[in-house]
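Colleague: Okay, here's what each chain looks like letter by letter:
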Amino acid sequence: MPLELHDETANLVGVVTVDEVEQLAGWLRAAKRPKVSLRRCNHLHTGALQALLLFRPKISSAPNDAFLAAQVLPLLTGSSGPANKQGSDPP
Amino acid sequence: MNPLLAQFLAEANDLLAQVDEGLLQLERVPGDPELVNEVFRAAHTFKGSSGLFDFPELTRLTHAAEDLLDAVRGGRLTLDSGMTDDLLAAFDLIRGWLAHVTTHERLPASAGTDAAGLITKLRAPLGGEAAPAAARTAGVPAPVIDVAPDWLAWLDAEWLTETAAWLATTSSTLRFVWYTPDTDCFFRAEDPLHLVRQVPALEKLGVVQPEAWPAPEDYDEYTCMLSFVVVTRAAMGELNHLFRYVPDQIEIVELDSDAITRHLSGEPPLRAEEAVSVVVTAVIDSEVSADARAVLQAAHRALTLEGAVAEGARLRSVRHAVAAAAWALGVPVDVAESSPDELIATVVRLAGEAAPAPVAPIPAQLQTQAVAPHEEKEPVGRADDPGGQVGTRVLKVDQEKVDRLMELVGELNVAKNGLTFLADAAEEEFGSRVLSRRIKDQYAGLHRIAEELQAAVMDVRMLPLSVAFGRFPRLVRDLSRRLGKTIELVTEGEDTMADKDVIEALGDPLVHLVRNSLDHGIETSDERIAAGKHAAAKLTLAAVADGDAVIVEVSDDGRGVDPERVKRKAYEKGLISEEELETLTETEAVDLVFRPGFSTADQVSDLSGRGVGMDAVRASVEKLGGTVTMRSKFGHGTSTRLRLPLSMAVTQVMVFSVGGQRFGIPVDLVVETVRVPAGEMSRVLHQEVVMMRGEVVPVIDLARALDMPSTLAEGADRPILVVSVNNQRVGLLVEQFHREVDVILKPMEGLLAYADEFSGTALLGDGLVLLVLNMKEVLGLAARVA
Amino acid sequence: MTTVMLVDDSATMLMSLKAILTKAGYAVETAGHGKEALDKLGKGVKPNLIISDVNMPQMDGITFAREARKAPGMRFTPILMLTTESEATKRAEAKAAGATGWLVKPVGPDQLLGVIKQVLPGA
Numbered sequence: 001m002p003l004e005l006h007d008e009t010a011n012l013v014g015v016v017t018v019d020e021v022e023q024l025a026g027w028l029r030a031a032k033r034p035k036v037s038l039r040r041c042n043h044l045h046t047g048a049l050q051a052l053l054l055f056r057p058k059i060s061s062a063p064n065d066a067f068l069a070a071q072v073l074p075l076l077t078g079s080s081g082p083a084n085k086q087g088s089d090p091p
Numbered sequence: 001m002n003p004l005l006a007q008f009l010a011e012a013n014d015l016l017a018q019v020d021e022g023l024l025q026l027e028r029v030p031g032d033p034e035l036v037n038e039v040f041r042a043a044h045t046f047k048g049s050s051g052l053f054d055f056p057e058l059t060r061l062t063h064a065a066e067d068l069l070d071a072v073r074g075g076r077l078t079l080d081s082g083m084t085d086d087l088l089a090a091f092d093l094i095r096g097w098l099a100h101v102t103t104h105e106r107l108p109a110s111a112g113t114d115a116a117g118l119i120t121k122l123r124a125p126l127g128g129e130a131a132p133a134a135a136r137t138a139g140v141p142a143p144v145i146d147v148a149p150d151w152l153a154w155l156d157a158e159w160l161t162e163t164a165a166w167l168a169t170t171s172s173t174l175r176f177v178w179y180t181p182d183t184d185c186f187f188r189a190e191d192p193l194h195l196v197r198q199v200p201a202l203e204k205l206g207v208v209q210p211e212a213w214p215a216p217e218d219y220d221e222y223t224c225m226l227s228f229v230v231v232t233r234a235a236m237g238e239l240n241h242l243f244r245y246v247p248d249q250i251e252i253v254e255l256d257s258d259a260i261t262r263h264l265s266g267e268p269p270l271r272a273e274e275a276v277s278v279v280v281t282a283v284i285d286s287e288v289s290a291d292a293r294a295v296l297q298a299a300h301r302a303l304t305l306e307g308a309v310a311e312g313a314r315l316r317s318v319r320h321a322v323a324a325a326a327w328a329l330g331v332p333v334d335v336a337e338s339s340p341d342e343l344i345a346t347v348v349r350l351a352g353e354a355a356p357a358p359v360a361p362i363p364a365q366l367q368t369q370a371v372a373p374h375e376e377k378e379p380v381g382r383a384d385d386p387g388g389q390v391g392t393r394v395l396k397v398d399q400e401k402v403d404r405l406m407e408l409v410g411e412l413n414v415a416k417n418g419l420t421f422l423a424d425a426a427e428e429e430f431g432s433r434v435l436s437r438r439i440k441d442q443y444a445g446l447h448r449i450a451e452e453l454q455a456a457v458m459d460v461r462m463l464p465l466s467v468a469f470g471r472f473p474r475l476v477r478d479l480s481r482r483l484g485k486t487i488e489l490v491t492e493g494e495d496t497m498a499d500k501d502v503i504e505a506l507g508d509p510l511v512h513l514v515r516n517s518l519d520h521g522i523e524t525s526d527e528r529i530a531a532g533k534h535a536a537a538k539l540t541l542a543a544v545a546d547g548d549a550v551i552v553e554v555s556d557d558g559r560g561v562d563p564e565r566v567k568r569k570a571y572e573k574g575l576i577s578e579e580e581l582e583t584l585t586e587t588e589a590v591d592l593v594f595r596p597g598f599s600t601a602d603q604v605s606d607l608s609g610r611g612v613g614m615d616a617v618r619a620s621v622e623k624l625g626g627t628v629t630m631r632s633k634f635g636h637g638t639s640t641r642l643r644l645p646l647s648m649a650v651t652q653v654m655v656f657s658v659g660g661q662r663f664g665i666p667v668d669l670v671v672e673t674v675r676v677p678a679g680e681m682s683r684v685l686h687q688e689v690v691m692m693r694g695e696v697v698p699v700i701d702l703a704r705a706l707d708m709p710s711t712l713a714e715g716a717d718r719p720i721l722v723v724s725v726n727n728q729r730v731g732l733l734v735e736q737f738h739r740e741v742d743v744i745l746k747p748m749e750g751l752l753a754y755a756d757e758f759s760g761t762a763l764l765g766d767g768l769v770l771l772v773l774n775m776k777e778v779l780g781l782a783a784r785v786a
Numbered sequence: 001m002t003t004v005m006l007v008d009d010s011a012t013m014l015m016s017l018k019a020i021l022t023k024a025g026y027a028v029e030t031a032g033h034g035k036e037a038l039d040k041l042g043k044g045v046k047p048n049l050i051i052s053d054v055n056m057p058q059m060d061g062i063t064f065a066r067e068a069r070k071a072p073g074m075r076f077t078p079i080l081m082l083t084t085e086s087e088a089t090k091r092a093e094a095k096a097a098g099a100t101g102w103l104v105k106p107v108g109p110d111q112l113l114g115v116i117k118q119v120l121p122g123a
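Just so you know, the protein sequences line up as chains A, B and C, in that order. Start counting the first sequence at 1; every next residue gets the next number (full-length UniProt numbering). Start counting the second sequence at 1; every next residue gets the next number (full-length UniProt numbering). Start counting the third sequence at 1; every next residue gets the next number (full-length UniProt numbering).
Rather than coming from a laboratory, the hints here were simulated on the basis of the structure. Certain hints may be false.
[Stated by the list, open to error] Straight-line C-alpha distance at most 30 angstroms; calculated DSS-like pairs for lysine-lysine: (1) C/Lys46 - C/Lys70; (2) B/Lys573 - B/Lys623; (3) C/Lys46 - C/Lys23; (4) B/Lys573 - A/Lys58; (5) C/Lys43 - B/Lys396; (6) A/Lys35 - B/Lys204; (7) B/Lys633 - B/Lys538; (8) C/Lys18 - C/Lys46; (9) C/Lys23 - C/Lys117; (10) C/Lys43 - C/Lys70; (11) C/Lys23 - B/Lys401; (12) C/Lys18 - B/Lys396; (13) C/Lys23 - B/Lys396; (14) B/Lys416 - B/Lys746; (15) B/Lys776 - B/Lys746; (16) C/Lys43 - C/Lys117; (17) C/Lys18 - C/Lys43; (18) B/Lys396 - C/Lys40; (19) C/Lys18 - B/Lys401; (20) C/Lys117 - B/Lys204; (21) B/Lys623 - B/Lys500; (22) B/Lys440 - B/Lys416; (23) B/Lys500 - B/Lys416; (24) C/Lys46 - B/Lys396; (25) A/Lys58 - A/Lys32; (26) B/Lys633 - B/Lys776; (27) B/Lys569 - B/Lys776.
Working from the sequences, and respecting the hints, build out all of it.
Modeller: Structure (structure tokens):
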């Protein structure tokens with residue numbers, strides 16, 4: 001299973017597809033202080049990324065996947081350029 | 001043979017038949033959109049599959065045919081008989097090629113030259129050779145440095161500065177992609193992040209989040225709210241390919257150091273709107289929007305064509321096309337209820353918005369030719385289409401395999417029949433009634449299964465009569481043209497099923513009958529009008545199931561058979577006596593045409609002549625266990641009726657012996673078996689006869705007829721098999737009766753092939769080969785011997 | 001195992017695509033036209049990807065794509081249309097009906113497998 005959900009922690013494993021998006025969003029909505037491990041995640045569906053961006057869980061471990069580590073992780077840990085800042089206006 | 005090629009050949013056969021039939025129907029109902037569509041689809045499938053093999057000529061020829069048909073379908077051309085001839089010729093050529101492919105697995109060497117002329121002819125109505133397909137994809141703009149779009153601001157300024165410096169140092173450029181997925185894109189199974197991660201040589205990814213997120217409880221996780229800025233070293237071609245399914249959701253620009261620097265310094269060389277319009281140009285020029293414009297043009301033509309689109313499915317399909325085009329252009333419109341006039345207004349408005357881009361425009365003429373508008377005549381609700389094919393998935397099986405299966409069923413029957421011999425032996429030789437009983441029980445069980453198996457296999461062998469009728473539209477068309485007669489061919493009951501052997505065997509007699517009718521039966525239009533008939537003659541091919549037989553009737557409304565003339569002719573040829581000339585009824589007179597050596601036409605034409613008469617038709621039908629009768633009303637037409645067994649694979653045969661050897665006769669022919677005391681036999685003239693219930697029945701001594709020794713004792717009872725041939729009762733004097741058995745009749749082969757007195761052979765359970773009598777020939781033989 | 005459903009009225013096409021896919025390790029379901037495919041979806045066949053011809057009897061590919069989206073569990077399943085050069089106009093229509101993308105016939109193994117990789121994460 002791509003989603004291993006516990007009370008406050010979750011492991012995203014392998015390819016998280018659109019079919020898992022609803023469940024993931026539901027868990028993020030319900031969890032008080034969610035922590036998500038991306039270590040074994042190979043790909044995130046856009047919908048899953050979007051849910052993570054909205055609910056901003058703590059990322060407990062970085063993905064092994066190179067693309068996710070280089071391009072997606074910075075968005076989720078909030079240390080990136082203006083494009084990733086909530087509410088920032090285009091010029 | 002490669003199984004894929006075998007599959008293709010099997011399918012090709014069906015497609016060819018479909019195309020032929022469709023084209024011929026189209027000639028009668030020109031412009032029927034459903035028919036055009038059918039033919040187009042067949043030709044199209046052909047082309048699609050032909051591309052799988054290394055048959056470039058086949059692909060080119062089918063492509064040309066497809067383009068012509070597509071133009072017809074799109075309403076840009078009207079199919080005339082010249083085009084039909086060319087199309088038929090093209091598919092005839094293909095048929096010939098495929099025969100060559102079947103044996104040699106490649107096209108004949110002459111294919112290229114053979115096809116060239118036809119391709120030119122097929123292309124002529126379209127205005128000559130089509131532009132190569134490659135020209136259409138030339139919409140990719142040349143590498144031109146674009147102006148930095150304002151969405152560049154989503155990228156980190158520090159990174160942009162560093163990048164600009166590096167680009168300046170290396171005099172190079174980067175491609176920037178602005179990807180704004182549709183909010184409902186997840187429902188088309190698009191995953192933008194997945195697409196983005198496939199971008200080669202990715203330099204930088206920016207993910208743009210919504211200005212304001214909805215509250216968690218209102219958040220719809222299936223609405224895509226993210227956008228992406230992708231910076232890459234990948235070539236324009238790579239990006240166009242990767243994003244080809246979402247051209248309306250992306251903008252791609254190529255930027256150098258200067259463009260980026262100008263953006264950073266905030267000195268716009270062009271105003272924002274202009275910059276955007278340049279960007280949009282690149283996108284608008286994508287394949288989809290070019291297609292959308294072509295659709296709009298086509299819709300406009302269809303709408304402005306008088307009376308072409310008034311209501312119903314046609315209008316709905318145009319609405320549909322316009323909506324789709326508008327969607328593709330990114331300006332969705334609601335035209336679900338629009339009238340034709342409103343639609344025209346919408347189309348004009350949309351066409352204005354989607355005016356062809358000034359940069360690298362696709363020549364307008366090329367668009368209309370290459371991107372054919374299918375939409376305008378394509379009915380939407382195809383699900384209800386009654387003209388489709390058989391709904392169930394059909395498994396195509398090599399005929400040989402079914403034949404093999406049938407053979408095995410036959411062998412099973414034979415082995416099964418062997419059990420009855422064994423039962424007899426158990427009782428007679430080993431004196432065990434119990435064992436005999438048990439064997440018979442086993443036999444009964446096996447018999448039931450064998451029968452079911454046989455029925456199942458027979459069912460597989462059943463084909464619709466349409467297979468036999470299929471060639472006639474073409475035949476009638478060609479012949480009627482040559483003869484200068486106008487003939488409407490009507491086929492009925494094509495769905496009637498019969499065994500494939502019956503269907504196959506029907507072919508020649510049917511061709512003969514149809515030719516006969518065209519040649520002799522049907523008058524020229526002038527003659528018909530003079531006789532007060534409709535100028536177009538009607539030729540009907542009808543099939544109907546009748547119990548375990550199928551009746552096929554060939555009828556015309558031609559001049560009919562003149563019974564007097566037939567009688568005179570028969571008399572002149574010495575086929576009937578003077579007495580018969582006086583006494584024969586009309587029906588009997590008509591039947592004379594089936595006599596060997598009779599030909600009604602004063603001159604044998606090259607059509608039906610060929611030295612074969614109606615007698616050959618009757619002979620071949622009777623060989624199948626069928627009958628032929630002809631009814632005719634002089635001046636009003638002729639109808640020939642063939643009655644054939646639905647299946648001829650298994651025949652019930654009555655076994656008897658003559659001269660110590662066993663023979664068989666089809667049970668259908670047997671009326672009864674009797675044993676007549678020798679004293680009751682009498683003789684009329686040279687013919688032995690027996691009185692049966694007041695009727696004089698001639699008796700033929702089979703031993704004499706077949707030149708076998710007679711083994712009957714002088715005063716013993718005479719076993720007589722009474723058969724009915726041509727409604728006449730005849731007694732056959734045999735030696736001994738045996739049981740009835742089910743056998744698979746095989747045609748005579750080898751040395752016996754010319755022995756007409758036998759209709760076939762069958763293998764018996766005890767391994768003996770049984771010769772089955774052809775009663776008609778035997779009677780003739782007996783007459784000659786006497 | 002990843003299951004691909006092939007919908008085409010041409011048995012030749014079905015056979016060739018199936019051969020490529022089977023060799024590449026996919027499970028393959030086939031249907032001769034849209035209606036049959038829809039029936040299969042209704043009966044619980046759950047492909048991970050659908051590849052459908054456009055021009056078919058009974059039910060064409062575009063109608064099928066639209067209907068398939070409504071089938072249980074098919075909301076997010078990638079649907080690729082098999083088109084030819086001359087059917088380019090159909091592509092926008094297919095996208096509007098919910099198709100993910102298209103393949104241009106004749107389809108070779110590289111093209112087929114490449115596109116599947118593109119539209120099917122984890123394939």
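Colleague: Now look at each hint and say whether the structure bears it out.
Modeller: Hint check:
1. A distance of roughly 13 angstroms separates the Cα atoms of C/Lys46 and C/Lys70; the hinted pair therefore holds under the 30 angstroms criterion.
2. Taking the CA atoms of B/Lys573 and B/Lys623, the gap is near 26 angstroms; set against the 30 angstroms cutoff, the hint holds.
3. Annotation: proposed proximity of C/Lys46 to C/Lys23 holds, straight-line Cα distance about 20 angstroms (limit 30 angstroms).
4. Distance hint between B/Lys573 and A/Lys58 is unfulfilled; the C-alpha atoms sit about 110 angstroms from each other, more than 30 angstroms.
5. Distance restraint check for C/Lys43 and B/Lys396: the Cα-Cα separation of roughly 25 angstroms lies within the 30 angstroms cut-off, and the hinted pair is therefore satisfied.
6. Only pairs whose Cα atoms come within 30 angstroms are accepted, and A/Lys35 paired with B/Lys204 is accepted, the gap being roughly 27 angstroms.
7. A distance of roughly 15 angstroms separates the Cα atoms of B/Lys633 and B/Lys538; the hinted pair therefore holds under the 30 angstroms criterion.
8. At roughly 17 angstroms between alpha-carbon atoms, C/Lys18 and C/Lys46 fall within 30 angstroms of each other, so this suggested pair holds.
9. A distance of roughly 15 angstroms separates the Cα atoms of C/Lys23 and C/Lys117; the hinted pair therefore holds under the 30 angstroms criterion.
10. With a CA separation close to 14 angstroms, the supplied pair C/Lys43 and C/Lys70 stays within the 30 angstroms bound.
11. A distance of roughly 27 angstroms separates the Cα atoms of C/Lys23 and B/Lys401; the hinted pair therefore holds under the 30 angstroms criterion.
12. Restraint check for C/Lys18 and B/Lys396: satisfied, since their Cα atoms lie roughly 17 angstroms apart, inside the 30 angstroms limit.
13. With a CA separation close to 23 angstroms, the supplied pair C/Lys23 and B/Lys396 stays within the 30 angstroms bound.
14. A threshold of 30 angstroms between alpha carbons decides the hint, and for B/Lys416 with B/Lys746 the separation of about 18 angstroms falls inside it, so the pair holds.
15. With a C-alpha separation of about 18 angstroms, the suggested pairing of B/Lys776 with B/Lys746 holds against the 30 angstroms cut-off.
16. For the given pair, C/Lys43 sits about 27 angstroms from C/Lys117 by alpha-carbon distance, which is consistent with the 30 angstroms threshold.
17. Pair hint C/Lys18 plus C/Lys43 holds up; C-alpha atoms about 21 angstroms apart against a cutoff of 30 angstroms.
18. Distance check on the hinted pair: B/Lys396 and C/Lys40 sit about 21 angstroms apart at the alpha-carbon level, within 30 angstroms; holds.
19. Pair hint C/Lys18 plus B/Lys401 holds up; C-alpha atoms about 23 angstroms apart against a cutoff of 30 angstroms.
20. Distance hint between C/Lys117 and B/Lys204 is fulfilled; the C-alpha atoms sit about 23 angstroms from each other, no more than 30 angstroms.
21. Proximity of B/Lys623 to B/Lys500 is assessed by CA-CA distance (about 16 angstroms); at most 30 angstroms being required, the pair is judged to hold.
22. A C-alpha spacing of about 10 angstroms is found between B/Lys440 and B/Lys416, which places the hinted pair at or below 30 angstroms, so the restraint holds.
23. Between B/Lys500 and B/Lys416, the direct Cα distance comes to roughly 25 angstroms. Compliance with the 30 angstroms bound is thereby established for this hinted pair.
24. Straight-line distance between C-alpha atoms of C/Lys46 and B/Lys396 comes to about 26 angstroms, which keeps the hinted pair within the 30 angstroms bound.
25. Restraint check for A/Lys58 and A/Lys32: satisfied, since their Cα atoms lie roughly 11 angstroms apart, inside the 30 angstroms limit.
26. Restraint check for B/Lys633 and B/Lys776: satisfied, since their Cα atoms lie roughly 28 angstroms apart, inside the 30 angstroms limit.
27. Of the supplied pair hints, the one linking B/Lys569 and B/Lys776 holds, its CA atoms being roughly 24 angstroms apart against a limit of 30 angstroms.
In summary, the structure is inconsistent with hint 4 from the numbered list given earlier, while agreeing with all the others.
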